[in-house]
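Asks: Below are the chains, spelled out letter by letter.
Protein chains: 2
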Amino acid sequence: MEEVSNKQVVLKDYVNGFPKESDMLINTSATISLNLPQGSNALLVKNLYLSCDPYMRNRMTKTEDSYVPSFTPGSPIAGYGVAKVLDSGHANFKKGDLFWGFTGWEEYSIITAPESVFKIEHTDVPLSYYTGILGMPGMTAYVGFYEICAPKKGEYVFVSAASGAVGQLVGQFAKLLGCYVVGSAGTKEKNVGGKMLEAVLLNMRLHGRISVCGMISQYNLEQGDGVRNLFCLVSKRLLMKGFVVTDHYHLYPKYMEMVMPLIKEGKICYIEDIVEGLESAPAALVGLFSGRNVGKQVVVVARE
Amino acid sequence: MEEVSNKQVVLKDYVNGFPKESDMLINTSATISLNLPQGSNALLVKNLYLSCDPYMRNRMTKTEDSYVPSFTPGSPIAGYGVAKVLDSGHANFKKGDLFWGFTGWEEYSIITAPESVFKIEHTDVPLSYYTGILGMPGMTAYVGFYEICAPKKGEYVFVSAASGAVGQLVGQFAKLLGCYVVGSAGTKEKNVGGKMLEAVLLNMRLHGRISVCGMISQYNLEQGDGVRNLFCLVSKRLLMKGFVVTDHYHLYPKYMEMVMPLIKEGKICYIEDIVEGLESAPAALVGLFSGRNVGKQVVVVARE
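Quick mapping for you: the protein sequence lines, in order, are chains E and X. Numbering-wise (the UniProt record's numbering), the first sequence opens with residue 1 and increments by one. Numbering-wise (the UniProt record's numbering), the second sequence opens with residue 1 and increments by one.
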């Protein structure tokens, strides 16, 4: 069995308030065998790109909430990423295959649920896109905009956190549909969240729809902001709908059919904020919550 | 022309905070002719029952909000009621017809938009029911429960303000459908509103639906409560939908078909809190906001 070093980003302990780089450590002493044991139906993979996503903050807190399980202190954190199969015990994957889905924040991982990851079919786009426009954030933009809001040409669209991985896509989808688009983003304090929602409610049009995929400004607060102006729901006949994108992954092929031509024809642009190396990962993740990133925050673990 | 005295409940001035009886006065000096002028297509009506509804508080404040127009200080206030036609200039109505719809808080009114009121076809139930279970509050319960929440047998239903005109019906509709029902009501402070919604959000089930027909606890506040726990919208995939019942009045015949047999077969019970005389109307209306009433608050102007 070939044993190699396997650098890892480990959560030291559960986090209160804003996460800090020092809440994580780089463990350089772990090793891993690059061959799966006989009879395993897992995948042994090399991680290429890791995705920094706001929802990960929720996993840094001990919670019984069924929404997303907590990380385990002392273990590597996990998240969406792009990885390459080095050894496969699963019929759907062979050595050399690429996929996107849940993996560890480490150089090599064992994927115990290969059914839950998406094999990458198109490699004529940057592979890192599968952490964003071609992955979970892209699907979030698609579901939140098209499925929940059911937008029509000429309607008015407001995008909160409009420079982030999801927001930048919603804004462009809306423009392509012929909507009038307003977005907010870019202050150091991430001008989103409770106060922004209050202002949005006052400015919504009759029969407006609000799709809610997350609330980044709330994740670091002991007790979240109270949101006023909810009476606008009644007077303006508004719909507010929360969703978790994983419930909608059956739409991924339909989304790919729509978005791939847009990318190839240059009709959509996608901004990434890429940092190099697992050592840079804690700062990149923490930076999400102070608005450091412009565009989708990606960590390169290895390019091949 | 026969001129008769026409007692009126007049709004003295716009209201701040909780409305008081003294915000209104009883005007006993007005008179009205009991015949319409030649060529009028209005209705001259005698008011029988008047409905005290929470949304009326919003009309006591000067607002540009399109939701519901403000009352005019110095003039009689208006609201839903049951009335009898004394003289008709409109083809759809004749002397002696009964209807429910918008009318004035006075003994006699001129209805200038007869198309907007509903002729009463069934008089084998208490006429006052047309201010409640057979009128706007009944339709609110019907639309909010069946149309917005699309409930299924066996689901769990929570009813806020469960003893009010709307809430008492939602609770019974839900029981009749085979749902498990929990309601809140009855404290002097009307244990509803922001804090209740916060608790409800924490206790909602996955894919729950919240229909919002009003926010009685907020109407007297300069600045409304902030509502926390909205992140539950995401983690529990909740839908929150506000509505204004007037948008759904085309469903009234369908609702009548459902609810009339329930009433006649005694399968639904409907609690009214009835006070006698226009003089009692200001106190009855104001009482809504301190939780004085038990069941639908009705004012009898005349029984025939």
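Note that these hints are calculated values from the structure, not bench results. Mixed in with the good hints, there may be bad ones.
Claimed, not checked - Only pairs whose alpha carbons sit at most 27 Å apart, straight line, appear in this in silico BS3-like list of lysine-lysine: (1) E/K195 to X/K62; (2) E/K236 to X/K95; (3) X/K254 to E/K236.
Claimed, not checked - If the Cβ cut is set under 8 Å, some of the chain X residues that face chain E in the computed set are: (4) Q223; (5) N229; (6) L233; (7) S235; (8) V244; (9) D247; (10) Y249.
Beta carbons are placed, not taken as given, at the ideal position from N, Cα and C, and that holds for glycine.
Asks: Look at each hint and say if it fits the structure.
Replies: Here is what the structure says about each hint:
no. : hint             : result
1   : E/K195 to X/K62  : 25 Å, holds
2   : E/K236 to X/K95  : 38 Å, violated
3   : X/K254 to E/K236 : 25 Å, holds
4   : Q223             : 7 Å, holds
5   : N229             : 7 Å, holds
6   : L233             : 3 Å, holds
7   : S235             : 4 Å, holds
8   : V244             : 6 Å, holds
9   : D247             : 7 Å, holds
10  : Y249             : 14 Å, violated
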